[in-house]
Amino acid sequence: MDTGNVMLLEYLPIFIFLVFALIFATIMLGIGFTFGPHNPDVEKNSPYECGFEAFEDSRMKFDIRYYLVAILFIIFDLEIAFLFPWAIVIHDIGIYGLISMAIFLFILIIGFIYEWKKGALEWD
Amino acid sequence: MNTIFLILDILIDIIMVVLPLFLIVAYTTYSERKIIGFMQSRLGPTRVGPFGILQPIADVIKLLTKEVIIPSNASKGLFLTAPIIMLVPSLLVWSVIPLSEYFVIANINAGLLFILALTSLSVYGVILAGWASNSKYAFLGSMRSAAQIIAYEIAMGFALVGVLMAAGSLNLQEIILSQRGGIFNWYWLPLFPLFVIYLIAGVAETNRAPFDVSEGESEIVAGFHVEYSGVAFAMFFLAEYMNLILISILVSIMFFGGWLSPFEGTFFESYSQWIPGFVWLSIKTLSFIFIFLWLRATLPRYRYDQIMRLGWKIFLPITIIWIFLEGIMIYYKVEPWFVI
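Line by line, the protein sequences give chains A and B.
Residues 2 to 125, numbered by this note's numbering, are exactly what the first sequence covers, in order.
Residues 793 to 1132, numbered by this note's numbering, are exactly what the second sequence covers, in order.
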């Protein structure tokens, strides 16, 4: 067997686990629908709002800052994706690798300070 | 024929992990109620069985036989997909967790990357649940929860990078093995700030007290799963507690030597040799679960702006600085942690 197949074989248990988990989750939902009662009622099926009748659509406008957080998250998560391979080989690449990553992080930190000063991280 | 045996073998492994896991989840909920009860001078559950020991089983039966209500305004398909998306990744993560020297379902090279990827998926379940319910509380809860989870994921990811730098491998068994040599060789000492940040970010990731604004009972009822009932709710609950146990076991693996014995390299080493690695891992994991429960009994809820400030303005700078310091320590090969 060549190396590619051996590597794929390592992932076979994960694939089987995935199938198992999907089937398990579906069966679990199925049990709820089979064993549970089913008596629909207009009041019972209305969205919960502390006993009041729901007014206006609940898919309302929401704060822009949630959106900002999501954008910042993408930038930093990508950063982590870059750091992962670097972290694994850091023992082999010596001072050169360390300095290149320091420069890379420095550029990121400038951006971070900018967004901090601009108030993107403020929640009041 | 061989393939069938192979698949059967894997299935047995999976069931050997999943069944005890469910039992542990059930009894985590029981001990949570008991421990918090005692901490607040109450008794906790006492009615079902001696000392209420059968309480979680009664809870499971009750949850399985209750009606699953689908709100009339909800998007039905998404509403039912959300709990599956929550549950599947939190089950699947357990395939790469080494439970002892010999036992791990899939000993893959990219173990930690796999864990990072799967734990990120749970945020989709939260968003979907909140959106599909079409209810104000659920929507607000899911927005808060999602923003909080991704904010703390950054700090968590940086803490993981610190562990990777020290271990030089993504494979969890190798991360454990690189911590050989007794308590002071485990990574909690050289990576102490990262360990604390990982633990606290773990509490925030699982939306538990004191970071439970997404389901702050007094503000937005149950947050993103307010419209869920019966078994659909049970699936969220199960996923949440499995994540709690997962964070505890990951902290023990990455910072406390996993299944390594704490007596390594001391006078007691030869006397404690007969204790299997699984026992040490369980003790470490259970202690962290206890800390999680303790936090809930002791600390009041954080305000949302304080949570975001802690994640972005305190944890993120600390992790970046510590990663840089660690790089320098690795360059100078500081004994005994950074020599490979």
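Hints were generated in silico from the structure; no laboratory data involved.
Glycine residues also receive a C-beta, built at the ideal position from the N, C-alpha and C atoms.
Errors might be hidden in some of the hints.
[Stated by the list, open to error] The list that follows gives simulated cross-link-like pairs (lysine to aspartate or glutamate, EDC-like), each with its CA atoms no further than 16 Å apart:
(1) B:Lys1105 x A:Asp93
(2) B:Lys858 x A:Glu116
(3) A:Lys45 x B:Asp1004
(4) B:Lys1125 x A:Glu116
[Claimed, not checked] According to the in silico footprint, chain B covers these stretches of chain A (three or more CB under 8 Å from chain B):
(5) 28-34
(6) 94-100
(7) 108-119
* **Satisfaction of hint between Glu116 (chain A) and Lys1125 (chain B), Cα-Cα up to 16 Å** => The hint is violated at about 36 Å.
* Three-residue Cβ test at 8 Å for the coverage of the segment 28-34 of chain A by chain B -> Answer holds; 5 residues pass the 8 Å Cβ test.
* Satisfaction of hint between Asp1004 (chain B) and Lys45 (chain A), Cα-Cα up to 16 Å -> violated, 27 Å
* Asked: Do three or more residues of the segment 94-100 of chain A come closer than 8 Å to chain B, measuring C-beta to C-beta?
  -> holds (count 3)
* To do: Check whether three or more residues of the segment 108-119 of chain A sit with their beta carbon closer than 8 Å to a beta carbon of chain B.
  => holds (count 3)
* Pairwise hint evaluation, Asp93 (chain A) against Lys1105 (chain B), where the allowed Cα distance is 16 Å at most -> violated, 32 Å
* Sort out whether Glu116 (chain A) lies within 16 Å of Lys858 (chain B), counting only the CA atoms. => violated, 48 Å
Of the hints listed earlier, those the structure fails to meet are numbers 1, 2, 3, 4, in rising order.
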